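Q: In case you want the letters, here they are:
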Amino acid sequence: MEVKGSAPICLPSRDLSSEFKESPAVVGFVPLQDLINIVRVNSPWFLTFGIACCAIEMMAPAMARWDIMRFGMIPRGTPRQSDIMIIAGTIPHKLVPTIKTLYEQMPAPKWVIAMGNCAISGGPFSYEGQYAIVNGADKIIPVDIYIPGCPPRPEALIQGLLKLQTKMSKGLIDVNARAEKSARRAKK
Amino acid sequence: MLNKITIDDATVNERVYKLNLGPQHPSTHGVMHFILTLDGEVVISCEPNIGYSHRGHEKMAENRIYEQFLPNPPRMDYLSGLIFNYGYCQAVERLCGIEVPRRAEFIRVITSELNRLASHFIGAMDFVMGLGAYTPFIYGWDDREQILDLLEAVAGSRLPYSYGRFGGVRNDIDQAFCDGTRRFIDRLRKRLKDYHDLVTGNIIFIKRTQNVGVITKETALEFGVTGPTLRGSGIKYDVRKHEPYSIYPEFKFEIPTREEGDCLSRYLVRMAEMEQSLNIIEQALDRLPSGPIRAKVPRFVTPPAGECYFAFESARGAVGFYIVSDGSRIPYRIKVRAPSFSNLYVMTKICPGHFLADVIAIFGSIDVTVPEIDR
Amino acid sequence: MSTPGQKNLLEELKNSLTQAVPEGKIEETDYALTGYQLEVRLDQVGMRSVAQAMKDRRFFLETITALDYLDYFELVYLYSTYYQDFCRVKVRIRISREATPLSIAAIFPVAIWLEREVYDFFGIRFQEHPDLKRIINPDDVDYYPLLKTFGKTKFTEEIDDILC
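Residue numbers (the numbering used here), protein chains in the order written: chain A, 354 to 541; chain B, 691 to 1065; chain C, 261 to 424.
Hints should not be assumed to be uniformly reliable.
Residues on chain A that point at chain B, a partial pick, calculated with CB under 8 Å [unchecked claim]: (1) Gly403; (2) Ala405; (3) Ile409; (4) Glu410; (5) Met416; (6) Ala417; (7) Arg418; (8) Gln434; (9) Leu448; (10) Tyr480; (11) Ile486; (12) Asn488; (13) Pro501; (14) Gly502; (15) Pro504.
To be clear, the hints were calculated from the coordinates, so they are not data collected in a lab.
Treat the numbers as computed from the prediction; the structure is a model and nothing was measured.
Each residue gets a CB set at the ideal place from its N, CA and C atoms; glycine is no exception.
The shape of chain A in the complex, shown without the other chains (with noise of 0.2 Å):
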C-alpha cells in the first residue's frame, strides 16, 4: 500500500506491509490514520518553547492582528499537551538535555518546527570559534519544517506552520498551493 508524501513519524515500528497483503481484516488500517492526520491538521497544539528573540515573533502571530487562533492552533505551556514544538532562539549547550526532555515529554505523533536562523544552523552566532552554542536543532531532535529569519516574519511562521499541516495530512490538505493559485488567477 503506498503512501503519498514523506514518512510520517507515526508509522509503526514493524514493517507490516506483507500482513497487509494476507491479511484482508488489516488492510483498511493506515486509510483510517490519513483520516485522523486530517483531523489532527485542524488543531495543532504547539508547545511554545521561546528561548531568544524569535520568542517575541512567536507570540506576534497568537495576537490579534495575525490570529493564528482561528486556525485551531492554541499555544500551550506544558509538552504533554501539544503536538508541535516550536523552537525559536538560539540553543546554547546548556540547554540541550532540556530539549531533549521536552521532545520525549511530548506524546507521538510529534512535529518539530525549527524557527530562525538560529534554531537552524546556529544564525549570526555560528563562527569558527564559537564555544556557546549547538549549530541548529537538527543536531539534536528531528525537524520537520525550517523557517529562516531573522527573526522571521509572523506571516513566515504562519506559512510554516500552513506547511507542517501539508505534510502532517500527507498532501491531502494544501494550503498554500491553494493560496498560490488564487493569487495567480487574480494576478492573471
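Add chains B and C to chain A, keeping to what the hints say.
A: Here is chains B and C on its own, set in the frame of chain A:
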C-alpha cells in the same frame, strides 16, 4: 494577607522540598530557571539559575571589527533593540571623538522613545498576563504593532534593528513617519486610559501586587538595582537625567517614582513612563531640524588605544558599554553591563517569605530579558 | 563640564580614597573621553577598602570585569552614585595570573554574582567567596572562554579573512 511569613526552625527540616520553576515555563518570559526551596507554599529560598541563553557576545566581539559587531547589541535585549544599537554606536563615537549631526540625534531620540514604549507594552502587560489577565496583553500588542509598523518603515526590521551607524543613522525619516507618529501619539493618549480602567483599578490585581516584593532603598543600593525597578522604590535615578547623553538635556520630562517599592508601584512607574515618552517624542517632532543624518566616518573605524564607558537608559535600567581598544580595527574587549543581571539577583533577597504565586508576580514586575543576563 | 557640587564631591572622594588606600594612584580623567571621572590604580590588594569607602559614600557597584593582558590580569570595578551629583569611579587592580583576589561579596551582595561571572569566564578564583561556581557556562566545562588563549581571537589567529 500576602505579607511576609516567618517559619520556625522545627518545621523547616521536615517539610522542606525543592522545586524547579523552569527552564521551560509559560510564565517565565524566556528560559529562566529558579530553584525554589519551599515549605508548603511558602518560599524559603529562591536561587535563579542562569546561562540558558548564553551566546558568547563578548567573545564574538574579540573576533569582529567594530562594524561587524553592530548586529549583536540589539540581540542582547531584543525588546529595547534600538536603544542598545544606539548605545553601542555612541560608545564607539565617544571613543573615537566622532560628532553626530543634530538631525541624527533627534531621529535617534524619537525612535529610542518609540522603542521604549514598545518595550513597556510587553514589560507591563506580560507581568499582568503572568497574574492571569490575558486581555490587557492583547491590547498592549495591538499598540505595539502600530509602533513596529512605524519603525519598520524607517529602520527596516521589527525586532533586532541595525539602524544606527557610527556617526548617525542609516536612513532619513520622511513626512509620512512624522505624521504617523503624531497620529499614534494622539491615539495612545486616549488608549492609556483604557489600560488604567482595565487593570489598575482591578481589585484582584491590587490584592495580588500590593505589598508584594518590597525592595527597600538599602537593598537597592547593595544590589545595584536600576531602572523602573529602582524608581518604584522611591529613588529618582534615570541615566537620561543623571548623566545626560545625546540631546536629552534639551527636553522637558519628569522621572516618575513611587514610594512603596512593591510590584504595584513598579507597574505604575512603567505606565507613567509611557506618558513621559510621549511628551519627549512630541517635543522632538516639533523641533526636528533639517540637515545631514550621518557624519563622515572612515569605512573601517579605528579608535585610538584607550578605554571608554558609555552608560544609557534602556527600558530595563542603566546599561553600560565598556570598550577597551588597542588601536586596531578589532576591539580588545567589550563588556556590557546588563541591568537585568543585577535586578534579577534582588530576587534572592526579596522572595523568601512569600507564596509561590508571588514569585511569578515579583519576577514579572522586575521585567528582565533573559538573553541580556547571559549575553 | 562639571558643576561645583561635582567638584566638591570629587575632592571629598579623592580624600576618602587616599585615606582608604594610601598606596593607590588616584587621578582624575576627562569624562567626555572616557565616561568616568576618577581612576584608581592598585596592585594586588585594596579592593575591600575601596569598596567599603564607596559604600560609606552611598555609591553602588555597577559592574566587575577583568581584562586579560597575557602576562597579568586586570580587575576592573566600576562604582556610580544615585544620590548626589553624578560621579563614576573606576578601580583597576593588577593581579598576576595565579593570584586569588579577595572578594567584596560581604560589602556589596551583588558581587556574589559578578565575581562568579569573572570566575566563569577568566578562571580567577576569589577568596572568601560564599559560593564560587560557574554561573553562565554549563557546570561541567573545563575551559574559561574569555581568556586570550582560548578559541579564536586576534592573538591566536590571523583574521584578515573577515575584512571584506
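Q: Sort out which numbered hints this structure fails and list those numbers smallest first.
A: 8, 12, 13, 14
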